[in-house]
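Student: Chains as they are written, first to last, in numbering that gives the first Met the number 0: chain A, 0 to 456; chain B, 0 to 109.
Derived from the structure by calculation, the hints contain no laboratory data.
Small disclaimer: the values here were computed from a predicted structure and weren't measured.
A few of these clues could be false.
Here are some chain B residues pointing at chain A (derived, C-beta under 8 Å) [unchecked claim]:
id : residue
1  : Thr26
2  : Thr29
3  : Leu31
4  : Met32
5  : Ala37
6  : Val44
7  : Ile48
8  : Ala56
9  : Leu63
10 : Leu68
11 : Val74
In silico negatives: residues of chain A with every beta carbon more than 10 Å from chain B [unchecked claim]:
id : residue
12 : Gln142
13 : Gly295
14 : Thr391
No residue lacks a Cβ here, since even glycine has one placed at the ideal position from N, Cα and C.
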Amino acid sequence: MTLLDPTWTALLYLIAAVCFILALRGLASPRSARRGNLIGAAGALIAVITVFLSTQLDNIPWILAAMAIGSLIAAPVSRRVKMTQMPQLVAAFNGVGGGAAALVALLELPHNEDPWVRLAIVFTLVVGAVSFAGSAITFAKLQELMTTRPVLFPGLPVLMGLVLVLAVVGSWVTIATGSIGIAVALLGVGLVAGVLLVLPVGGADVPIVISLLNAFTGLAVAASGLVLGNVLLVVAGTLVGASGTILTRAMAAAMGRGVAGILFGAFRGGSTAGSTTQSERPVRSSSAEDVAVLLGYAQRVIVVPGYGLAVAQGQHTLVELVTALEARGIEVVYAIHPVAGRMPGHMNVLLAEANVPYESLKEMADVNPEFKLTDVALVVGANDVVNPAAKTSPGSPIYGMPILAVEDARQVVFLKRSMRPGFAGIENELLYEPQTTLLFGDAKDSLGKILAAVKAL
Amino acid sequence: MDGMALLTITVLSVFVGFEVVSKVSSTLHTPLMSGANAIHGIILVGAIIVAGQADDAWILAVALLAVVLATANLVGGFVVTDRMLEMFRGRKAPATAPGQNPTSGKEGGR
Numbered sequence: 000m001t002l003l004d005p006t007w008t009a010l011l012y013l014i015a016a017v018c019f020i021l022a023l024r025g026l027a028s029p030r031s032a033r034r035g036n037l038i039g040a041a042g043a044l045i046a047v048i049t050v051f052l053s054t055q056l057d058n059i060p061w062i063l064a065a066m067a068i069g070s071l072i073a074a075p076v077s078r079r080v081k082m083t084q085m086p087q088l089v090a091a092f093n094g095v096g097g098g099a100a101a102l103v104a105l106l107e108l109p110h111n112e113d114p115w116v117r118l119a120i121v122f123t124l125v126v127g128a129v130s131f132a133g134s135a136i137t138f139a140k141l142q143e144l145m146t147t148r149p150v151l152f153p154g155l156p157v158l159m160g161l162v163l164v165l166a167v168v169g170s171w172v173t174i175a176t177g178s179i180g181i182a183v184a185l186l187g188v189g190l191v192a193g194v195l196l197v198l199p200v201g202g203a204d205v206p207i208v209i210s211l212l213n214a215f216t217g218l219a220v221a222a223s224g225l226v227l228g229n230v231l232l233v234v235a236g237t238l239v240g241a242s243g244t245i246l247t248r249a250m251a252a253a254m255g256r257g258v259a260g261i262l263f264g265a266f267r268g269g270s271t272a273g274s275t276t277q278s279e280r281p282v283r284s285s286s287a288e289d290v291a292v293l294l295g296y297a298q299r300v301i302v303v304p305g306y307g308l309a310v311a312q313g314q315h316t317l318v319e320l321v322t323a324l325e326a327r328g329i330e331v332v333y334a335i336h337p338v339a340g341r342m343p344g345h346m347n348v349l350l351a352e353a354n355v356p357y358e359s360l361k362e363m364a365d366v367n368p369e370f371k372l373t374d375v376a377l378v379v380g381a382n383d384v385v386n387p388a389a390k391t392s393p394g395s396p397i398y399g400m401p402i403l404a405v406e407d408a409r410q411v412v413f414l415k416r417s418m419r420p421g422f423a424g425i426e427n428e429l430l431y432e433p434q435t436t437l438l439f440g441d442a443k444d445s446l447g448k449i450l451a452a453v454k455a456l
Numbered sequence: 000m001d002g003m004a005l006l007t008i009t010v011l012s013v014f015v016g017f018e019v020v021s022k023v024s025s026t027l028h029t030p031l032m033s034g035a036n037a038i039h040g041i042i043l044v045g046a047i048i049v050a051g052q053a054d055d056a057w058i059l060a061v062a063l064l065a066v067v068l069a070t071a072n073l074v075g076g077f078v079v080t081d082r083m084l085e086m087f088r089g090r091k092a093p094a095t096a097p098g099q100n101p102t103s104g105k106e107g108g109r
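All chains should be built: construct the whole structure from the sequences, respecting the hints.
Tutor: Pasting the structure below:
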């Protein structure tokens with residue numbers, strides 16, 4: 000028995016769809032963003048209640064149990080995850096969404112004869128599987144369970160071509176015969192394709208791939224909506240597909256590169272500049288006291304915060320140091336690279352967590368001309384976003400990415416854990432320049448020592 | 000619903016998606032990605048439908064797996080996005096100097 004007639008059902012799904020649009024719209028400004036997200040969640044709740052009230056369903060206790068399990072897994076993880084680990088969690092949730100879409104499509108196959116519907120089914124199957132497996136690799140890269148460098152092996156392009164052919168043939172046979180066995184094989188092909196797609200992507204580009212896979216999952220959901228004749232899934236999936244595509248392009252543009260270049264650049268380039276071996280050239284390292292003197296007698300200081308700062312949970316100490324410097328009459332600003340952290344905008348989230356006021360955060364375009372007039376650039380746990388290789392070395396994986404012009408500052412101080420290269424896996428020439436000083440150690444410890452030394456000046 | 004109507008809705012949704020997202024600042028790219036991520040968790044509706052029509056133990060098992068995955072996507076996606084956005088909550092031009100804020104670090108769950 001169903002409580003809702005089709006008109007009410009359609010109306011409630013429409014309300015849910017509007018909630019989703021408002022959710023994305025709210026995210027346009029920090030002021031309305033949180034409310035927007037809650038509206039989106041309310042829309043999802045309306046939709047789930049509607050499906051229970053409007054559809055003839057068996058196995059309801061099982062379904063409710065499965066939903067409880069899903070919530071019990073996701074909610075505590077989402078509550079507890081560190082802000083620094085947010086990107087991999089987003090990747091993981093994206094992957095499971097793609098996996099769910101693929102499974103739904105697989106189960107719908109026996110019920111559908113229409114070749115167009117079957118086309119939508121194989122599309123969901125393959126794209127959902129690509130998204131699932133690709134997200135899993137992305138997760139592994141972000142969590143540093145595997146190398147963050149592009150993974151290439153001889154025969155990869157051939158293998159990719161083979162997988163592509165298998166996918167086309169498998170799809171065709173599935174549409175023609177409706178065979179579940181072939182469909183399951185096709186699912187496997189999709190999984191392999193997802194792995195092969197993401198393996199060659201280097202660390203610095205991983206965020207863009209998350210966004211791209213997010214768009215893929217959206218498209219898979221939209222296609223499964225076509226299969227089930229469910230307008231809400233069509234609208235929601237298409238919204239995510241379209242917005243994900245826009246976002247992917249915007250991010251790629253912020254890094255000065257094309258989406259195709261990111262996915263397939265590693266094949267063309269041959270060189271992935273830089274190696275795992277660290278060079279033996281001398282660097283100038285120094286003590287916290289020396290750094291404190293440099294900072295304490297400067298007139299202008301620009302702080303360049305990076306992922307290393309966030310990992311060390313050193314934001315609060317950094318803010319204290321900046322306050323102490325300002326008390327000495329020194330002008331201090333923060334320079335934020337758009338992709339500092341692990342995702343575009345990630346550093347803003349991390350600093351917002353530490354109550355750094357928005358007014359003192361400067362975006363790259365505004366702050367870059369100011370480095371020339373700056374006595375000390377203090378780089379805390381950042382590397383790739385200040386690496387001049389992006390300007391000077393065409394073979395480098397980050398070539399073309401706009402960077403913060405710290406090399407223009409009179410003195411550059413790097414707070415680093417070690418000489419290990421950054422997330423992109425390439426060396427930073429700036430470390431060997433004469434105006435550069437390094438202070439090795441955990442960012443929070445180092446900042447604490449510098450703070451004490453500045454106070455003692 | 001007939002194919003033409005669905006196609007119309009799909010095409011209109013593409014334009015709405017482009018329009019809504021095209022003006023977002025890079026500051027909010029991470030929450031936006033996460034928010035969009037949460038929205039595609041609505042595949043849960045599809046998973047519930049296939050699970051509710053399953054009459055074979057194997058089919059039910061696969062469908063329930065889809066329900067678990069979709070719920071994780073939906074619930075986790077909205078919660079994570081909310082947590083990120085919590086960070087951006089009204090901090091307008093503080094009167095005092097930044098830092099040494101006794102309330103900083105109040106964020107739980109770390």
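Student: May I ask you to check that A/Gly295 keeps its beta-carbon over 10 Å from the closest beta-carbon of chain B?
Tutor: At roughly 17 Å from the nearest Cβ of chain B, A/Gly295 sits farther out than 10 Å, so the non-interface label holds.
Student: At 10 Å, judged by beta carbons, does A/Gln142 keep clear of chain B as stated?
Tutor: holds, 15 Å
Student: Per the CB criterion, is B/Ala37 less than 8 Å away from chain A?
Tutor: Nearest chain A Cβ about 6 Å off; hint holds.
Student: Does the interface hint hold: is B/Leu63 within less than 8 Å of chain A, judged Cβ to Cβ?
Tutor: holds, 4 Å
Student: Once the shortest beta carbon distance from B/Ile48 to chain A is found, is it less than 8 Å?
Tutor: Since the shortest Cβ distance to chain A is 6 Å, the answer is holds.
Student: For the hint on B/Thr29, does the least C-beta distance to chain A fall short of 8 Å?
Tutor: holds, 4 Å
Student: Double-check B/Thr26 for me: the hint is only fine if its C-beta lies closer than 8 Å to a C-beta in chain A.
Tutor: Holds - the Cβ of B/Thr26 comes within 8 Å of chain A, reaching about 5 Å at its closest.
Student: When the nearest CB of chain A is found for B/Leu31, is that gap smaller than 8 Å?
Tutor: At 5 Å from the nearest chain A Cβ, B/Leu31 passes the 8 Å test, so the hint holds.
Student: Is the hint on B/Val44 kept, meaning its closest Cβ partner in chain A is under 8 Å away?
Tutor: OK, holds: B/Val44 within 8 Å of chain A, min 5 Å.
Student: Hold the hint about B/Met32 up to the distance rule: shortest CB distance to chain A must be less than 8 Å.
Tutor: Holds: closest Cβ of chain A sits about 5 Å from B/Met32, inside 8 Å.
Student: Should the hint that B/Ala56 touches chain A count as held when the rule is a Cβ pair under 8 Å?
Tutor: violated, 10 Å
Student: At 10 Å, judged by beta carbons, does A/Thr391 keep clear of chain B as stated?
Tutor: holds, 25 Å
Violated hint for the displayed structure: number 8, the only one.
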